[in-house]
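Chains as they are written, first to last, in my numbering: chain A, 1335 to 1652; chain B, 1335 to 1652; chain C, 1335 to 1652; chain D, 1335 to 1652.
Keep in mind that a hint or two might mislead.
In this list, chains with the same sequence are indistinguishable; a pair is considered to hold if it fits within one copy or across any two.
As the list claims (entries may be wrong) - Mimicking SDA-like on lysine to any residue, the simulated pairs with C-alpha atoms at most 20 Å apart in a straight line are:
| hint | residue 1 | residue 2 |
| --- | --- | --- |
| 1 | K1491 | S1385 |
| 2 | K1623 | E1586 |
| 3 | K1573 | E1508 |
| 4 | K1436 | H1424 |
| 5 | K1491 | N1524 |
| 6 | K1547 | T1566 |
| 7 | K1636 | I1588 |
| 8 | K1597 | E1527 |
| 9 | K1623 | N1583 |
| 10 | K1491 | F1599 |
| 11 | K1436 | T1415 |
| 12 | K1521 | D1629 |
| 13 | K1597 | R1395 |
| 14 | K1547 | F1615 |
| 15 | K1367 | L1536 |
| 16 | K1557 | N1524 |
| 17 | K1374 | K1649 |
| 18 | K1436 | N1426 |
| 19 | K1597 | R1497 |
| 20 | K1643 | V1381 |
| 21 | K1573 | D1584 |
| 22 | K1374 | K1521 |
| 23 | K1374 | N1559 |
| 24 | K1636 | E1423 |
| 25 | K1616 | N1546 |
| 26 | K1557 | P1394 |
| 27 | K1491 | T1614 |
FYI, nobody ran anything at the bench for these hints, they're computed from the structure.
Predicted model, so just to flag it, every value in this text is computed and none were measured.
4 protein chains.
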Amino acid sequence: MEFLKKINSKAKQDTDSGFGTNASNYGGRFFTKNGNANVKKVGVGFVESISWFHTMLSIPRWKFLFIILLFYFVVNLFFATLYYLIGVEHLNGISAENDLEKFAQAFFFSIQTYTTVGYGHINPTGFYASFVSSIEALIGLLTFAIATGLFFGRFSKPEAFIRFSQNALIAPYENGIALMVRMAPYKNTNLSEAEARITLGLSLEENDKLVNKFYQLDLEMEKINSLTLSWTLVHPITKESPLYGFSKNDFETIDGEIIVFLKVFDDMYSNHVMKRTSFTFKEIIYGAKFNLMYDRNTDDTKTILYLDKLNSYEKVVL
Amino acid sequence: MEFLKKINSKAKQDTDSGFGTNASNYGGRFFTKNGNANVKKVGVGFVESISWFHTMLSIPRWKFLFIILLFYFVVNLFFATLYYLIGVEHLNGISAENDLEKFAQAFFFSIQTYTTVGYGHINPTGFYASFVSSIEALIGLLTFAIATGLFFGRFSKPEAFIRFSQNALIAPYENGIALMVRMAPYKNTNLSEAEARITLGLSLEENDKLVNKFYQLDLEMEKINSLTLSWTLVHPITKESPLYGFSKNDFETIDGEIIVFLKVFDDMYSNHVMKRTSFTFKEIIYGAKFNLMYDRNTDDTKTILYLDKLNSYEKVVL
Amino acid sequence: MEFLKKINSKAKQDTDSGFGTNASNYGGRFFTKNGNANVKKVGVGFVESISWFHTMLSIPRWKFLFIILLFYFVVNLFFATLYYLIGVEHLNGISAENDLEKFAQAFFFSIQTYTTVGYGHINPTGFYASFVSSIEALIGLLTFAIATGLFFGRFSKPEAFIRFSQNALIAPYENGIALMVRMAPYKNTNLSEAEARITLGLSLEENDKLVNKFYQLDLEMEKINSLTLSWTLVHPITKESPLYGFSKNDFETIDGEIIVFLKVFDDMYSNHVMKRTSFTFKEIIYGAKFNLMYDRNTDDTKTILYLDKLNSYEKVVL
Amino acid sequence: MEFLKKINSKAKQDTDSGFGTNASNYGGRFFTKNGNANVKKVGVGFVESISWFHTMLSIPRWKFLFIILLFYFVVNLFFATLYYLIGVEHLNGISAENDLEKFAQAFFFSIQTYTTVGYGHINPTGFYASFVSSIEALIGLLTFAIATGLFFGRFSKPEAFIRFSQNALIAPYENGIALMVRMAPYKNTNLSEAEARITLGLSLEENDKLVNKFYQLDLEMEKINSLTLSWTLVHPITKESPLYGFSKNDFETIDGEIIVFLKVFDDMYSNHVMKRTSFTFKEIIYGAKFNLMYDRNTDDTKTILYLDKLNSYEKVVL
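All chains, please: the whole structure from these sequences, using the hints.
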């Protein structure tokens, strides 16, 4: 295969990528854009296969609130049905004229019990209604205990508030060219001790067999003390680089992927946070350089970081 | 002892295993299958010897819920008894015909107080009933505060969602053989920076004295960047290995154990999690190799990981 | 430029400061006194640009309590208005003589619902009032769940309880001079494994272009095992130092900044905490030395640390 | 001073102990037995000098519960007084015959509001009583939010469940002697990656000036993989040791201290935990060795660790 020869024989192969090198398991990309492994797990039950708590922490806010509301409605519908079946005559203070009203009042009594509001203008008499309301109040308190945990979990979940540029660039660098990826923090957080790593993943045929190959791309700077402005990761495409000799056309036709790993200490959490992203070769712009995205403000008292310019680049001829 | 000579004199002994080398303290295995040290501690009181909070976090869900339910019932039984002893005539709104009904209504009043539902159709009059209900409401709120902590603790407890193969294999490897253990992540989590370590523990007689000996087993790869598919730990049984020269029969007759330590960074917790397991020599299959457990899906967009194949192997002649 | 020549050509330049070296982005200081990067981010929406949870954890206590109180008031005003619009005749037990009283009673009913007190002397009848109160009770419980998380977050937020001296000093040291910064822990915490780092930032013209330059300042001691008393960071101004040859006048006229990074393990949180501060050249006292700030107590049983002497120094001639 | 010559000139001095070497700040011991620095901080206000949250996490359980109970009582006394001053006639449902009864009922109404039980048989009428109860219910919920945080904080606070022997021993070791300290885990936790460090602190006169000197004591083994049984730290007193040549009498008369630092990863918290302790020279037994504290159980299935033998030693002649 012609293209295989392109890969630099001097390039350091990366054997510890976590994606095996044998067998044809490449499925279009190794990591999705937001950094999850592009892997589907089968052979375990659904319940076992997900961590529901962390799923509740990750889903969008509106879904989270919708689930809470739905749960609230369904649980109370269930208990309202129970009270209705026991008989609303065991709920003191109900004055309903028809079945629908009876059910509605049972439903509202259920809510008053579940939330422990307990106005008391409706109240249970007899063993069964009292017993069911006892269980409901317990369940109410426990689910609010769980909700407290979920809210706190959502808020306090360590997360790297960092954005990557949409594209990776092949840009001029010193006397040659380099692969560049840019990132910037976008929230009011203090990030320090940032460490980055770039892996190149290729899916190719070797002796008529599909193989995955991974290479570590050396960075000009792998660590910075504080990540306060934008940071451009620069992999110089020297003779040692596995990308050495790749043409614009190669990037357009080969199935390859640039995987970026970032680890940074966030003061807010006093913890290290991780972030991953990936760029397929189709997301690499050959011949472009990033525009500067910061500047001093007019009265010279602060540096301004323009986050909307994160992916701003201009074309250059290499 | 014949077998002692088998152990490679070049093998690196591991002096820092945490299990002493002197004295006859070997009790069948050093670690249980799920990674706890096989040690019983005596000489401290029961209360001191366990961390009850963490026990509540580790017990199965049904036990946890049962304990909550039992506690709820017992506490309210206690307070119901108090109200009953004070006299239900100090509880306004009770209309009971016999002692059982009186007690039942005191019990339900207790629950309405404990959960702070407080319908109020039953309410305390007089100092004693009011005082007891004041204490009960406080205890109610505090126990729900504790329950909130327990639920959150259970959900947010860092845990390595990784499974190990049931067996370790002695498999062909390059031109010789190797000890192999396989693991795979089984939940929707992102694991990175995985580090593994294997220790061999042997309990044997040396100069008529029982001794424990520990050896570090060198791995072909000790770290991987991301643990997204299965990972097979490979200890090549070379001339430097303490297992060099062990026959199938040796594995069947010797009291030995393979202890596996894993440390991995889990994005979900932004924290390192640890996992341990152990394989006794009886759990080692001599002459077998793991079957591949992943594949690409039909439309080539994802890698599929078959978790039910984690322990799938086929016999081979070594 | 005359002053540029002053900078020691042997000095180690620090390329990984997180503030780029190109372009004129210097805005008076790189870090504020309390360690935040002096950067303004534009180009993202307000909501995206802040982490509101962590803002709530960082604001002063009185602001936090004021926000809670305001929120409590506004939410109940909103629901009171709803009940008022539905009609207070759907709230049983209201006995008001005029509109203001009606509204006030609707307001207090709202509070009794929101807090789940639910005395019940006012209670909802009819579908609309019951429905609104059902939603309000849910919102009440959820906001208190959030409040619980906020309180816990505020209390448990890892923070380095360390103070720095107001000034950095140029003090006599051995046979020469040194830059000194002092710090001390001020709470009842156990700090260990402290690590410090000092970076010098300069904003200067080079070939008619404004440039930022950063230098690592070597410390006589970079780590200490436990931070129990005061700790004076000492950067000896030797021939290798970028500050070598700087006169008192230089410190007064040049735009420079000393950035101090501290990382320490706090037992209380079982976590590393970070602290930063910065000293502009104007905050450096040329020719002064720190007075000792600890002593043994009268009965020789404890060491006394005088925190009010943290910035206490006396002038010396260099 | 005669004794000064005793200190090995080859011994590595430890300059980074966190206790300065200059000045007479030695106050009997550097660290207390339970590992806190023996330092008193003055010059900051009381409120600033303590972290009240963490104090609440560290105090004994009975004190913690007492404080909660006291707070509950005092707050309700305060609000009861307010209601009493407003006039109990604004509390519906009170039927008191004298002032004490009125106050008692106001007190119980306060509690029913504070805990949000809100039976409602007593309920507020008029603006002032309603307003005060609105504030009280808010405060009630917020304090229970805080209590939830405190309980969770107490339970989940990372802590090293490790005990040290009461005494350090000077014991025979190989062909010479060694300083030995023993420790053992005492709860159902999995500890791994234990690291220990011993520092020797001496307070002595040098040229008629009191000086503190610190030395690092080299350990035969500084790290172990898992801390499952007891661990004896061994510092061989070789010619390089600062303790070389110390006689029994020296240990009895010199003001010295052995400071032990331990860092270990606890699975339960997925976190590193720290533990410190110190032994004054008076707590060192010259000429003794530890008895073994573990054994296999009768049916050879487990190792038994006898925690009551942690400090068990027998005298030997050196």
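So, going through the hints one by one against the coordinates:
1. K1491 - S1385: Both ways: K1491 and S1385 sit 15 Å apart in one copy and 12 Å across, limit 20 Å.
2. K1623 - E1586: Result: close within a single copy only, 18 Å intra versus 40 Å inter.
3. K1573 - E1508: Close inside one copy (14 Å), not across copies (32 Å); limit 20 Å.
4. K1436 - H1424: This pair counts as both: shortest intra-copy Cα distance 12 Å, inter-copy 17 Å.
5. K1491 - N1524: both (16 Å within a copy, 14 Å between copies)
6. K1547 - T1566: Answer is between; shortest inter-copy Cα gap is 18 Å, intra-copy 25 Å.
7. K1636 - I1588: between (44 Å within a copy, 18 Å between copies)
8. K1597 - E1527: Close inside one copy (8 Å) and across copies (11 Å); limit 20 Å.
9. K1623 - N1583: within (19 Å within a copy, 42 Å between copies)
10. K1491 - F1599: Intra 14 Å, inter 15 Å, cutoff 20 Å: intra and inter.
11. K1436 - T1415: Classified as within; 11 Å inside a copy, 28 Å across copies.
12. K1521 - D1629: Within. Shortest intra-copy distance 18 Å satisfies the 20 Å Cα cut-off; inter-copy 40 Å does not.
13. K1597 - R1395: neither (26 Å within a copy, 32 Å between copies)
14. K1547 - F1615: within (15 Å within a copy, 36 Å between copies)
15. K1367 - L1536: Classified as within; 16 Å inside a copy, 38 Å across copies.
16. K1557 - N1524: within (16 Å within a copy, 22 Å between copies)
17. K1374 - K1649: Neither: 38 Å inside a copy, 28 Å across copies.
18. K1436 - N1426: Answer is both; intra-copy 12 Å and inter-copy 18 Å each pass.
19. K1597 - R1497: within (13 Å within a copy, 26 Å between copies)
20. K1643 - V1381: Only across copies: K1643 and V1381 sit 18 Å apart there, 43 Å inside one copy, limit 20 Å.
21. K1573 - D1584: Within. Shortest intra-copy distance 17 Å satisfies the 20 Å Cα cut-off; inter-copy 46 Å does not.
22. K1374 - K1521: Intra 32 Å, inter 10 Å, cutoff 20 Å: inter-copy only.
23. K1374 - N1559: between (37 Å within a copy, 19 Å between copies)
24. K1636 - E1423: Neither: 71 Å inside a chain and 59 Å across chains, both beyond 20 Å.
25. K1616 - N1546: So K1616 and N1546 pass the 20 Å test inside one copy only (18 Å; across, 36 Å).
26. K1557 - P1394: neither (32 Å within a copy, 34 Å between copies)
27. K1491 - T1614: Neither way: K1491 and T1614 sit 29 Å apart in one copy and 36 Å across, limit 20 Å.
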